[in-house]
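**Q** Sequences listed follow chains A and B, in order. Residue numbers for the first sequence follow this note's numbering, so the first one is 1 and each next one is one higher. Residue numbers for the second sequence follow this note's numbering, so the first one is 1001 and each next one is one higher.
To be clear, the hints were calculated from the coordinates, so they are not data collected in a lab. Hints should not be assumed to be uniformly reliable.
Said to hold, decoys possible - Stretch-level coverage of chain B by chain A, calculated; a stretch enters the list once three of its residues show a Cβ under 8 Å from a Cβ in chain A:
#1 1125-1131
#2 1141-1149
#3 1159-1170
#4 1276-1287
Said to hold, decoys possible - With a cut-off of at most 25 Å between alpha-carbon atoms, the simulated SDA-like pairs for lysine to any residue come out as follows:
#5 Lys125/A x Lys1113/B
#6 Lys1021/B x Val36/A
#7 Lys1010/B x Gln235/A
#8 Lys1125/B x Pro56/A
#9 Lys1125/B x Glu200/A
#10 Lys1246/B x Glu1287/B
#11 Lys10/A x Glu1287/B
#12 Lys125/A x Thr1059/B
#13 Lys21/A x Ala1051/B
#14 Lys1010/B x Gly230/A
#15 Lys1021/B x Gln22/A
#16 Lys1113/B x Tyr1011/B
#17 Lys21/A x Ala38/A
#18 Lys10/A x Gly1228/B
#19 Lys125/A x Asp1057/B
#20 Lys1125/B x Lys21/A
#21 Lys125/A x His1170/B
#22 Lys113/A x Glu200/A
#23 Lys21/A x Lys1101/B
#24 Lys21/A x Ala1140/B
Bear in mind that the values here come from a model prediction, so they are computed numbers and not experimental data. Heads up, the beta-carbon is just placed ideally off N, CA and C, and yes, glycines get one too.
Protein chains: 2
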Amino acid sequence: MSGEFSLIEKYFAGRVAPAGKQTLLGIGDDAAVLSVPAGQQLVVTLDTLIAGRHFPDSTDPFDIGWKSLAVNVSDLAAMAASPFYFLLSLSLPSADDHFLKPFSDGLVAAADKFAIELVGGDTCKGPLSITIQASGLVEAEQFITRSGARMGDRIFVSGELGAAALGLAHLQQAVQLDELEQVECLTALNRPSPRTDLAEILRLFATASIDISDGLIADLGHILTQSGVGAIVRQRSIPFYPSLEKYQRWSDALHGGDDYQILFSVAAQNVAAMSHLALQLSIPLHEIGEITAQGYQLETESGLQDCSNSGGFDHFAA
Amino acid sequence: MSGEFSLIEKYFAGRVAPAGKQTLLGIGDDAAVLSVPAGQQLVVTLDTLIAGRHFPDSTDPFDIGWKSLAVNVSDLAAMAASPFYFLLSLSLPSADDHFLKPFSDGLVAAADKFAIELVGGDTCKGPLSITIQASGLVEAEQFITRSGARMGDRIFVSGELGAAALGLAHLQQAVQLDELEQVECLTALNRPSPRTDLAEILRLFATASIDISDGLIADLGHILTQSGVGAIVRQRSIPFYPSLEKYQRWSDALHGGDDYQILFSVAAQNVAAMSHLALQLSIPLHEIGEITAQGYQLETESGLQDCSNSGGFDHFAA
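All chains, please: the whole structure from these sequences, using the hints.
**A** Put into structure tokens, the structure is as follows:
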């Protein structure tokens, strides 16, 4: 990290937490220094968002700032980690106040909401691209991976699926949403709220978990591959955004990206206790299927569909 | 982090350290998980390299991989931290084996040399750009910042300055280097070796330190600003790459970028003990000046030059 970060420092001065008990040295030096509390482990992730690829070129800079952080925090949430700190790399065509002001507003708003602190970064001239490295903390050995699902486990998903994909379809003029739907779907697309509220449930009950960024079917596929198991998913149990039916876009709930809900598996004998806690915490959870020994099938009204070749987004596709 | 990292995972399979005592979960999940040893603090940095801006478009992919990691490790070295782990974000126009094979070779070679482990990352389609987030460890409170220089401290620099800038001048056809110079200068430019060997000296003796990425004068300026002091630097004491004289390019040692040597200050009464240790460790150090109460001057053969407005590289300049 070097001096050129002063450009961004200007936009974040007084808006990020000062050096404190855990952040021994923040923005402005060669590196930041942090103290990791005893008994906690460090969970680290990094994601890049490129204009025109991960968000439409027309996206409000506030939303770009918000979403860049949110997608990283969602990865932490999937591991059952609590947000800790993040670093920002911003490449942009020019040091433009009309971009930097709302971008930093969105990033700070998200940082406040998710309780995560900016500790440093780098800026340079180039095509618009944002890379964020976010770190979280988890009690020793309490993190949840993609590889722990076992035959007989029940499969759960939080929230509702498909609204972000429907919002993108609206922006691409594939559908014409009404005003309320536009608000809901564009908020889902541009200002996702990662499920940090699920951490306790995951730590106590999940055998495997992942955040849904590439679509339910593709992301469940990652759990199955890494756990060496199969699954059957009941389409009628999937919590879809209601308007998907109106526009006959069911597949947005299965294959749409950008949901940032959590998909996880729970041993059958723990389902009752988990459901009780979810109710206490007011967290909406839906049981959508079961882990099997092998195969990957979707149960629809017209029969079983094979999902074993579902790939989700391929970021290198044309 | 998500599934698309499997593209890179393919190039690093079996070439990065497996999950071990400190890396509890490596490449391939939503995030990696690390254990930070008790009594150690975490030092974090992040730097982006963009093709055509931070390296010529014609640069060998091996060198791009090497340098992307080296510049980050250099930031850790400046803090007196030992390399720990890193994350990679790679944006490239296409999933091209002719790029990815040598790029990963260079990155792995650097990771081996600097003893730092790749634990995860993200790849996507876009203009060629590499962001690396590197983390190091330092004994509690033993890190060195830019802000601790005090009046009377002596200023030291490691190694030799200006070879990388002379190499770049050769590529830009501003000079025509002979064969030996080409080898030396292009190695300095493309395969910098961060001074991780200085960690003990810095921890024991430095009051402030920085790595030289933007040029000696500009980077010393950062120390002076953040320490609230001034300096006088003697041009005749600066360890310049010998051929600079032949091409009359003295200023490459003052203002050239990409040296990745360490510039630091030491209290006068500790200079003898430090020099003794440097000799034992065979680390070349040069005393180039002194910290003063205010002002920033370069003592040349033709008198004093004022450096207080020296800016170094501005990554947003045209």
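**Q** If a hint holds in the structure, say so; if it doesn't, say that too.
**A** Hints and how they fare:
{"no.": "1", "hint": "1125-1131", "result": "holds (count 5)"}
{"no.": "2", "hint": "1141-1149", "result": "holds (count 5)"}
{"no.": "3", "hint": "1159-1170", "result": "violated (count 0)"}
{"no.": "4", "hint": "1276-1287", "result": "violated (count 0)"}
{"no.": "5", "hint": "Lys125/A x Lys1113/B", "result": "violated (30 Å)"}
{"no.": "6", "hint": "Lys1021/B x Val36/A", "result": "holds (17 Å)"}
{"no.": "7", "hint": "Lys1010/B x Gln235/A", "result": "violated (34 Å)"}
{"no.": "8", "hint": "Lys1125/B x Pro56/A", "result": "holds (15 Å)"}
{"no.": "9", "hint": "Lys1125/B x Glu200/A", "result": "violated (36 Å)"}
{"no.": "10", "hint": "Lys1246/B x Glu1287/B", "result": "holds (24 Å)"}
{"no.": "11", "hint": "Lys10/A x Glu1287/B", "result": "violated (34 Å)"}
{"no.": "12", "hint": "Lys125/A x Thr1059/B", "result": "holds (19 Å)"}
{"no.": "13", "hint": "Lys21/A x Ala1051/B", "result": "violated (39 Å)"}
{"no.": "14", "hint": "Lys1010/B x Gly230/A", "result": "holds (24 Å)"}
{"no.": "15", "hint": "Lys1021/B x Gln22/A", "result": "holds (23 Å)"}
{"no.": "16", "hint": "Lys1113/B x Tyr1011/B", "result": "holds (18 Å)"}
{"no.": "17", "hint": "Lys21/A x Ala38/A", "result": "holds (13 Å)"}
{"no.": "18", "hint": "Lys10/A x Gly1228/B", "result": "holds (19 Å)"}
{"no.": "19", "hint": "Lys125/A x Asp1057/B", "result": "holds (15 Å)"}
{"no.": "20", "hint": "Lys1125/B x Lys21/A", "result": "violated (39 Å)"}
{"no.": "21", "hint": "Lys125/A x His1170/B", "result": "holds (24 Å)"}
{"no.": "22", "hint": "Lys113/A x Glu200/A", "result": "holds (18 Å)"}
{"no.": "23", "hint": "Lys21/A x Lys1101/B", "result": "violated (43 Å)"}
{"no.": "24", "hint": "Lys21/A x Ala1140/B", "result": "holds (13 Å)"}
Violated hints, in rising order: 3, 4, 5, 7, 9, 11, 13, 20, 23; the structure is consistent with all others.
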